[in-house]
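K.L.:
Once you've looked at the hints, dock chain B against the given chain A.
First to last, the sequence lines map onto chains A and B.
Okay, so the first sequence: first residue is 1 according to my numbering, each after it adds one.
Okay, so the second sequence: first residue is 1 according to my numbering, each after it adds one.
Among the clues, some could well be false.
[As the list claims (entries may be wrong)] Calculated cross-link-like contacts (lysine-lysine; reagent style PhoX-like; alpha-carbon spacing at most 20 Å):
no., chain 1, residue 1, chain 2, residue 2
1, B, LYS87, A, LYS48
2, B, LYS11, A, LYS198
3, B, LYS283, B, LYS236
4, A, LYS198, B, LYS6
5, A, LYS297, A, LYS228
6, B, LYS11, B, LYS156
7, B, LYS283, B, LYS155
8, A, LYS303, A, LYS283
9, B, LYS87, A, LYS198
10, B, LYS87, B, LYS187
11, B, LYS264, B, LYS155
12, B, LYS213, B, LYS264
It should be emphasised that the hints constitute simulated quantities derived from the structure, not laboratory data.
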Amino acid sequence: MKEIATGNKAIAKAVKQALPDVVAAYPITPQTEIVETIADFVTSGQMKSRYIPVESEHSAMAACIGASITGVRTFTATSAHGLLYMHEMTNWAAGARLPIVMANVNRSLGPGWNIWAEHTDAMQERDTGWLQVYVSTVQEAYDTTLMAFRIAEHNDVLLPVMVNLDGFVLSHIMQPLDTVEPGNFIPPIHLPHAIDVKNPAGYGGLTGPDQHFKFRWDIERSIRDSEKVIAATEADFAKRFGRKYGPVEEYRCEDADVILIALGTLGKEAEVAIDILRKEGIKAGSMRLRWFRPFPKLDLTGKDVVVIDRDYSFGYGGIVAHEIMAKCHCDVFSVIAGLGGQEVTYDDIAEFVRKRRIGTEFWFGVNAHV
Amino acid sequence: MAEIPKEEYLKKCTSACAGCSSSLTLRYVLKAAGHDTVLVVPACCTSVIQGIYPNTAMNVPVYNVAFAAAAACASGMSEAFRSLGRKTNVIVYAGDGGTLDIGIQSMSGAFERGTDFLYICYDNEAYGNTGMQRSGATPLGARTTTTPTGKTVEKKDIDAIAAAHHLSYMATACSAYPQDIYKKVAKALTFRGPTFIHILAPCPPGWRYPAEKTIEMGKLAVKSGMWVLYERENNKLTISAPSKAAMRKPIPLEEYLGPQGRFKGIDPKSIEILKQRLADNLKHLAAEEEASA
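The following block holds chain B by itself, in its conformation from the complex:
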């Protein structure tokens, strides 16, 4: 990890929950981006993690904006910096609710317009900030406060939606692999125009597992193939090393689902559907990687 800078942009005084993997993720995102960066944050856990005015736990400017507005706000900011002749990085750091649900219109608009910014969706697969209500990213079978018997529909494929905008760079990442996050963010910021990184961020209180297991949970997601790490650079897809290894010898999905309270009592039919989707996704990505090699 020698290449990762020691400088901290996320101070130790955040109000994040114990074991919060999205704040861990943000730590590496900011290390990769450096000081000449503005974060645009819609309503989400990160808007709370900063602390209460006049204090801030962030060592970069953070512009908090209304839930649906982050990407559009970033468009204005990016154009203004351009007009001022500044190269400042504009990074939207939004949860899955602000990305897959309420914010999808403004994200799509900003992608289509070619806004020069990086959009990061940290995905804890529910509305974590308000106590774990379902989102478009909640997987089939997961219990949330608004799907008390388990979600009956599947997770929205935001990566396919993002890919349909023909971005020059997009990637997936996971909080359990900080070096991978660091490299992908650093690379994304070298591109002009819109880029997208979708980061799985396990959430101890929401997923109902002990706080100290947060890294292990992310690794289980990748090792089971439930979450695949890859990057797509100018239409060339590369599956990242941890997922390559997982694809050769995946662990059973049950090892990922089992330790999580949110999947307690999930019916076998839902597990079968999840397994089928997982297999389809891996097959699809492997085929794309081979075709674009």
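So that you can see chain A by itself, here it is in the shape it has in the complex:
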């Protein structure tokens, strides 16, 4: 069905169709519309889930954990400070191998009090064992949320999935949305370690070093295995519903000398910049990273690489830039841009490519080369 929706509404509609048993969430700007919409769906009987209006995000994730371990489907949503307040429990969710799906509306962290887009919130969760995907349109937010449940709950994965969307830029923008009838696209959940009173077991208690090591390795192995599950899920989604996604969305990369890399809405905006640069005779292409965990395999051999980070690790650098440098063994032009919702136009992006100085870091707006 074709309609117009915000990114937040699209997420809520996908969650409704995925039929979670339990949703526990706490409102926070700019995520609020997601939980308001779900609360409305539940109250009006359009959605059969149990909605738990918790008193904090720490409790939101704890409630999802408690629900998930019984073997049911769970969802939550948050943003920025809410995500950080959950941090203890996000580790717990991944460590306990619980396939919780969460929408995170990317927002900057205070102080100062800034409610606009930035990826530093999610990047601070990068080492927790959650899969992370960054979307760039309302349609993609919807489609990816549906796929997230199937991926998280797959028995080769059994890890939580975080669907990231840029605060306001995507959460509140209205775009066309084509909803589908998922049918059996998301199979019934089967959690092999669900609580069973007929077969009592202890969960999450004391664990010695040897077993702990094994559990950590199991998470890493599942992150690696998730690549195949994601590919199969995205392929089946394309077959059923006609929209194709991958770990990376490439644009005019075939003969490109310079590759521009970004996440989320900036990654989409980059495509317009690429068209401008091509008209000038600059052979540029863009790669929008959709999945950040598992990190996609990129072939950047012999290319100039420009990376825009809407995040920062103080004392270290742009987080995406450094992941690419480490994993692709290349040097990059690292642009820090869009922090705290800073406006970055496609003209700005084109200029980053024109004036690239590989091996340096550039703070847009401050116009400082480091």
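P.N.:
Same frame as chain A, but now just chain B:
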């Protein structure tokens, strides 16, 4: 004790300290709850008493969760069981630190939401698991490793806080009175919605008394009136039999404080304050019982 089932849900292989009264308490809690029960346990002595993975000393599923998260986790679990159409008991079994201090937010939230679960706080009046640091439940004058000269502030009144949530059932109990615990847990589980039981659980290494005195210590707490056993059912308060007897002829508070190393050297002024609070509490409870009769 004929009515108490023989079935054991807490096996003899726990790693509890000698004379641990909270594990004794748990034994009766589980007998009252039966096999269709899940325990939710935050960081506390009980998270250690179970033993080390892959072993467990418990014959019911135990879900260990982060310190502040037990009641919220139980909310999710309870709602999920409801959605699955199951009647499984969800019991939070948390220490005083996880209840009065770090876990109070999630407990209050779960009470306010009407989560269908039983929250049990077993209270050894300090962070026993990590070697007896002070908690919000540590009484005035008690020495702990973080109050080496005695605590300078009074014990937090968690029962009044719980009562302010207008629970349909709440009670106090003490490890020295297992039959009373059994009855109260069994009754709490007949209610729909949140219920609360606060159980005093003396701790030999923390309170510094010999392990074999653990039952005697609980009895002294009740007989002195320092700990009062009661239940509040739909706003009707009933003081339990052992405390009724104690109220008629209480033993001096010094008989309870004296055998405990943690109260060694407590100043007379603190004893006076403890006595005053004890008297106020008894007066208050007796008045409430009479008013609600």
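K.L.:
Within a Cα-Cα threshold of 20 Å, do LYS11 (chain B) and LYS198 (chain A) meet the stated pairing?
P.N.:
OK: LYS11 (chain B) and LYS198 (chain A) at ~17 Å, within 20 Å.
K.L.:
Regarding the pair LYS87 (chain B) and LYS198 (chain A), is the alpha-carbon distance no greater than 20 Å?
P.N.:
holds (14 Å)
K.L.:
Is the hinted pair LYS198 (chain A) and LYS6 (chain B) satisfied, with a Cα-Cα distance of at most 20 Å?
P.N.:
Within the cut-off at roughly 18 Å; holds.
K.L.:
Quickly compare the C-alpha distance for LYS87 (chain B) and LYS187 (chain B) to 20 Å and report which way the hint goes.
P.N.:
holds (16 Å)
K.L.:
Can you confirm whether the C-alpha distance between LYS283 (chain B) and LYS155 (chain B) stays at or below 20 Å?
P.N.:
holds (18 Å)
K.L.:
Does the structure keep LYS283 (chain B) and LYS236 (chain B) at a Cα separation of 20 Å or less?
P.N.:
Cα-Cα ~16 Å, so holds.
K.L.:
Hey, LYS303 (chain A) versus LYS283 (chain A), does the alpha-carbon distance stay inside 20 Å?
P.N.:
Holds: LYS303 (chain A) and LYS283 (chain A) sit about 11 Å apart, inside 20 Å.
K.L.:
Can the restraint linking LYS11 (chain B) and LYS156 (chain B) be considered satisfied, given a maximum Cα separation of 20 Å?
P.N.:
Violated, at roughly 33 Å.
K.L.:
Would you mind confirming whether the straight-line C-alpha gap from LYS297 (chain A) to LYS228 (chain A) stays at or under 20 Å?
P.N.:
Holds. LYS297 (chain A) to LYS228 (chain A) sits at ~13 Å (cutoff 20 Å).
K.L.:
Check whether the Cα positions of LYS213 (chain B) and LYS264 (chain B) lie no farther apart than 20 Å.
P.N.:
Holds: LYS213 (chain B) and LYS264 (chain B) sit about 17 Å apart, inside 20 Å.
K.L.:
Keeping to a limit of 20 Å between CA atoms, is the pair of LYS264 (chain B) and LYS155 (chain B) held or broken?
P.N.:
holds (18 Å)
K.L.:
Below or equal to 20 Å on CA atoms is what counts here, so check LYS87 (chain B) against LYS48 (chain A).
P.N.:
holds (19 Å)
Checked against the numbered hints above, the structure violates only hint 6.
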